[in-house]
Amino acid sequence: MASFTSLSLLLCISLFLSYSLAEDDTITYNFEVSYITASPLGVPQQVIAINGKFPGPVINVTTNNNVEVNVRNKLDEELLMTWDGVQQRRTSWQDGVLGTTCPIPPKWNWTYNFQVKDQIGSFFYFPSLNFQRASGGFGGIIINNRAVIPIPFATPHGDIPIMIGDWYTSNHTALRRTLNGGKDLGMPDGVLINGKGPYRYNDSLVPEDIDYLTIDVHPGKTYRLRVSNVGISTSLNFRIQGHNLLLAETEGSYTVQQNYTSLDIHVGQTYSFLLTTDQNASTDYYIVASARFVNESVWRRVTGVGILRYSNSKGKASGPLPEAPQDQFDKTFSMNQARSIRFVRGS
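Numbering-wise, the sequence shown is residues -22 to -1, 1 to 325 according to mature numbering (1 follows the signal peptide of the UniProt record, and there is no 0).
Hints are supplied without guarantee of correctness; some may be wrong.
[Stated by the list, open to error] DSS-like, lysine-lysine: derived pairs with alpha carbons at most 30 Å apart:
#, residue 1, residue 2
1, Lys31, Lys85
2, Lys309, Lys199
3, Lys95, Lys31
I should point out that these hints are in silico values taken from the structure, not numbers from a laboratory.
I would like the entire structure built from these sequences, with the hints used as guidance.
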């Protein structure tokens, strides 16, 4: 009987170890960082792309995975990539910031190696040197729960990373010269959503032929939206016309689920929302990210607009955008929103 018990115990330990090792798989990404020419606001400009794409690819991994990112620098200046929100436990030299990591010279490559350990949630990466983030080079990071640890809500029908951020039509080198000269950058020229400019909701504010984001959905489904403010200085209010945003997670912690009609997302923050497509499909719906703490004439100009399109939609979005918070200069609204967020114990 004792030998049988010992054998059973050894078998359980063996299975546990084999499962643990399987969970610690290494996920490899290859990033070629280079310049491309793009016109997100209708003006051709130099943009930092990864593998020819702007934004870059999503890093999609699972708790305890080891992550390898081989970065080849094809810019004409030094480069570092940082993984915002990823806890570099005993791997601080992989964090990709000056002082802990040496820059990657032009035409060189460097392989980052780190483990996401017991983290879950929504984050993003970006270049951390020379104000390069103002020209792009960013992308989403998703850290999924292990299969044995369920998420605290039903599995969504889709998982959609959304990068919002202020944008200038001057590249980062010109913006850097302005700052080095002691001058203010002024208001940004616009707001991008996933690297794309605004839908032409207003002929006088938005030029023709702007490429805008369209998110295709099916009616009666729930989608997870992971929204990151990847900009350089502008707080943004995010909202979707006619829909509630059910907050479920922020930067590695699940939250007590609360509905918002809009939420202020400040630079560097990421929130996960559950969006249920429970509206009629008479038209498409606006997705809006607009500048906060500025007057109305400015926020209407500095606004990103995309489209949420039901598979059975009967027409294009039209009319005015959903309203921003009433007083654009009222920081109390934003502070109260932040204070309303409660985390799930143990997450």
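Comparing the hints with the structure gives:
1. Lys31 <-> Lys85: Given pair Lys31, Lys85 holds - Cα atoms ~19 Å apart, limit 30 Å.
2. Lys309 <-> Lys199: 34 Å, violated
3. Lys95 <-> Lys31: 28 Å, holds
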